[in-house]
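Novice: These are the residues of each chain, in order.
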Amino acid sequence: MSSTVETTTAIHPFHIDVPEEALDDLRRRIASTNWPEKETVADQSQGVPLAMIQKLARHWATDYDWRTVEAELNALPQFVTEIDGLDIHFIHVRSPHEDALPLIVNHGWPGSIIEQLKIIHRLTDPTAHGASAEDAFHVVIPSMPGYGFSGKPTGTGWGPERMGRAWAELMQRLGYSEYVAQGGDWGAFVVDQMGLQAPEGLLAIHTNMPATVPADVDEASVAGEPAPSGLSAEERRAYEQLIRTYGQVEYARMMAARPQTLYGIADSPVGLAAWLLDHNDADGQPAATVASALERTESDTGELTRDEVLDNITLYWLTNTGVSASRLYWEYKGGFFNAKGVSIPVAMTVFPGEQYQAPRSWAERAYPNLMYFNEVDKGGHFAAWEEPELFAAELRAAFTSLRTTNGGRQ
Amino acid sequence: MSSAVETATEIRSFQVEIPEELIDDLRRRIATTRWPSKELVEDRSQGVQLATMQALARYWADDYDFGRVEERLNALPQFMTEIDGVEIHFIHVRSPHEDALPLIMTHGWPGSVIELLETVGPLTDPTAYGGSPEDAFHLVLPSLPGYGFSGEPTELGWESGRIARAWAELMNRLGYTRYVAQGGDVGAGVTDAMGRQAPKGLLGIHLNVLLAAVGLQHQLPAESEQERAAHDALTTFLTDGLAIVLEQSTRPQTIGYSLLDSPVGLAAWMLDHDTDSYYKIAGAFVDGEPTGNLTRDNIVDDITLYWLTGTGASAARWYWETGRAQAAAGAAGQAQPPVAVPVGFTTFPGEVFPSPSSWVEQVYPNPTYFNEVDRGGHFAAWEEPELFSAELRAAFRSLRTTNGGRHE
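One line per chain: the protein sequences are A and B, in this order. Following the working numbering, the numbering of the first sequence begins with 1 at its first residue and continues without gaps. Following the working numbering, the numbering of the second sequence begins with 1001 at its first residue and continues without gaps.
One thing to keep in mind: the hints can contain errors.
Claimed, not checked - Listed below are several chain B residues computed to face chain A (Cβ distance under 10 angstroms; list not exhaustive):
| hint | residue |
| --- | --- |
| 1 | Asp1025 |
| 2 | Thr1239 |
| 3 | Ala1243 |
| 4 | Gly1256 |
| 5 | Leu1266 |
| 6 | Leu1271 |
| 7 | Ser1314 |
| 8 | Arg1324 |
| 9 | Ala1328 |
Unchecked claim - Cross-link-like lysine to any residue pairs, in silico, SDA-like; alpha carbons within 25 angstroms at most:
| hint | chain 1 | residue 1 | chain 2 | residue 2 |
| --- | --- | --- | --- | --- |
| 10 | A | Lys55 | A | Asp43 |
| 11 | A | Lys333 | B | Leu1211 |
| 12 | A | Lys333 | B | Asp1240 |
| 13 | A | Lys38 | B | Val1245 |
| 14 | A | Lys333 | B | Leu1242 |
| 15 | A | Lys333 | B | Val1041 |
| 16 | A | Lys38 | B | Asp1240 |
| 17 | B | Lys1038 | A | Arg236 |
| 18 | B | Lys1038 | A | Tyr329 |
| 19 | A | Lys38 | B | Glu1087 |
Calculated directly from the structure, the hints in this document are not laboratory data. Glycine included, C-beta positions come from ideal geometry on N, C-alpha and C.
Let's have the full structure, built from the sequences with the hints guiding it.
Specialist: Next comes the structure, spelled out in structure tokens:
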């Protein structure tokens, strides 16, 4: 932790340089994993299957190369600045188009900045990707407190509300007087909070995990009750998806109640990998797109690959943030998908593999200033990671109406 | 796993032998633990505290005698027998008093037969502990399937009911035609199931936790101060204390990787059972002040047993099996049969929710024995072995006959 006073606003360039001993130690630990016996089922209903993780571990300990993604990260402008007493790490890529719209993108759990790497160039340099110069963004991607190369909070209170305020400070510190914010998973909670806080300069948010559920429906779904009467077919489908989701979130309940007890994910790479892999999406737990990525060694079209999954897990390992990242669940005491009362302009994209398909009817009630709503035909919970091309196109379309000739740089 | 056919009824004597390499590996792993940052609070509300775990790890790696598990278990007659396709490990101590009452006692999670070892003396040899020969028990302490030295089931269905049937078979196989059963925690689930199955020869059961209260929350009396306090404790447990239970009920394999690969990860998972026992155990390690028999050595014996047998995941799987069985029974609208044998119950004050007699009567109408004692918690037999033994003597006294039940 830095010992500088809280008024420090200096922004320092940051470069990742993981010592070789840390990588040796990781490989040694993976190679000496003490395994449990095989699960007693033929499916994934007891957790991450032994065969799946053993195959991943073999690759992780032998052929996987952290240095590749480290170089990729170091090729991007990275910085650290202290906000509210904590060092915040972020990527900041200016578009070659000076008038680009500043955008802060917030990752989630079990993700990190790794989730967003493939959208950066698509957003900052749209003309290289078949879009126009008017679609350009200046992109800021912070690591959440307790995640990646950001500092680990040593006191309580770093929930989505405080992060929202920190991101507004960060954008201001970067000189952006007008900007937009985007998030999925925990990032969606943070951008909802930013929407509620409505800091000066925040023009709009885009969410890919919208919180649209009306209060009465939310209460019933959390309690696991049958669908309330009077729902449309679309709302009913969303309700059933919520029920399914709430049946697959024991990992979240564990981290919300007892994050510190997860010593094993700090000490065991395979324990950490299994824990991070066991996030659900609409099509399974572990998320179907992540599970299938483990079989994909390369991709020309931006689909998620095995090494990208390992990049993210390895980042958690090397920064020893399994437990500190889990604490975010403990910090947050609010509802998950209930409407939060955001009244600033909101854009959303509904991805089919997300926890639930937000119906337009709920979206319009939850976000009265809904300026963009689109349902796309592919992509899931990790939308930016899974479908970077589509995701970037959605952000371009979502914010088109907000653009002015002044890109917002003060 | 044995390849013997299911009809095999052979009972073989068993000795624990821990390869030195396993101990060396364990010691090395504890010493090279990579720690998370400290919790952000001053209590257990974020989980097992770093200071507790570091004190435990220091003791475990530096001061603990790794031979203890082997020595303590091998000092008792141990056996293996295959029941329903799984090798069952058990301790079987005959009382010097031939007419003693046979008793099968079942441990829980995160326990093992280690929890029950200090009751062996008082139960089997009461005269050495201030009791009378008429209080003696022949004691059978099995390891649950997937726990300790019992086999790990490789097929589905080993929930409490199946274990209960296996225990009846075990008592039958040992030649006990009249016996009683006791359990807390998982053992209470198994013992309750035995009471409902009422196998021939089972004279009665004794329990020290009221598992059924969890499903009956809104039907349990809440009038007296004691009942309201019990409700508060139950509500706290259901809102804040269930995380580990739920994780094990749904994703035992996922957490299993941490429990098998990290000794400290395993130990923390096992320490985070309930508030009362956590602070007692933390007190033993951090302040050097054990409560009752919950000493550093006894705690580390249990954790070491889980590590050496590699049973973190298989033990957690009981919760998955039980969750599945309960969901299936609920979906089918099946009510459990009533307990058809006499029930004794002791309420220990530190239990997760100390059940008043009115609650016990809701689940077990007309218990033959009910008592509230003034010390002990969830791990009652472990923490207060003599008090616990005295309770069992009192609870089962009315069920004794002159024939101790041994089939000659």
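Novice: Holds or violated: is there a CB of chain A closer than 10 angstroms to the CB of B:Ser1314?
Specialist: 7 angstroms, holds
Novice: Hint B:Ala1328 vs chain A: min CB-CB distance below 10 angstroms?
Specialist: 13 angstroms, violated
Novice: Hint check: A:Lys333 vs B:Val1041, CA-CA at most 25 angstroms. Holds or violated?
Specialist: Holds. A:Lys333 to B:Val1041 sits at ~16 angstroms (cutoff 25 angstroms).
Novice: Is the interface hint satisfied for B:Asp1025? The criterion is a beta-carbon contact with chain A at less than 10 angstroms.
Specialist: For B:Asp1025, the interface hint holds, since the closest Cβ of chain A sits about 8 angstroms away, which is under 10 angstroms.
Novice: Given the hint that A:Lys55 pairs with A:Asp43, does the C-alpha gap stay at or below 25 angstroms?
Specialist: Holds, at roughly 16 angstroms.
Novice: Are the Cα atoms of A:Lys38 and B:Asp1240 separated by 25 angstroms or less?
Specialist: 31 angstroms, violated
Novice: Take the C-alpha atoms of A:Lys333 and B:Asp1240, compute the straight-line distance between them, and say whether it is at most 25 angstroms.
Specialist: 12 angstroms, holds
Novice: For the pair we were handed, B:Lys1038 and A:Arg236, check the Cα-Cα distance against 25 angstroms.
Specialist: Distance ~44 angstroms between B:Lys1038 and A:Arg236 Cα, so the pair is violated.
Novice: Keeping to a limit of 25 angstroms between CA atoms, is the pair of A:Lys333 and B:Leu1242 held or broken?
Specialist: 17 angstroms, holds
Novice: Can the restraint linking A:Lys38 and B:Glu1087 be considered satisfied, given a maximum Cα separation of 25 angstroms?
Specialist: It holds: about 18 angstroms lies between the C-alpha atoms, which stays within 25 angstroms.
Novice: Could you grab the alpha-carbon distance between A:Lys333 and B:Leu1211 and see if it respects the 25 angstroms cut-off?
Specialist: Answer violated: A:Lys333 to B:Leu1211 is near 28 angstroms, above 25 angstroms.
Novice: Holds or violated: B:Gly1256 as interface residue toward chain A, Cβ cutoff 10 angstroms?
Specialist: B:Gly1256 check passes; min Cβ-Cβ to chain A is 4 angstroms, inside 10 angstroms.
In the structure shown, a violation is registered for the earlier hints numbered 9, 11, 16 and 17, in ascending order.
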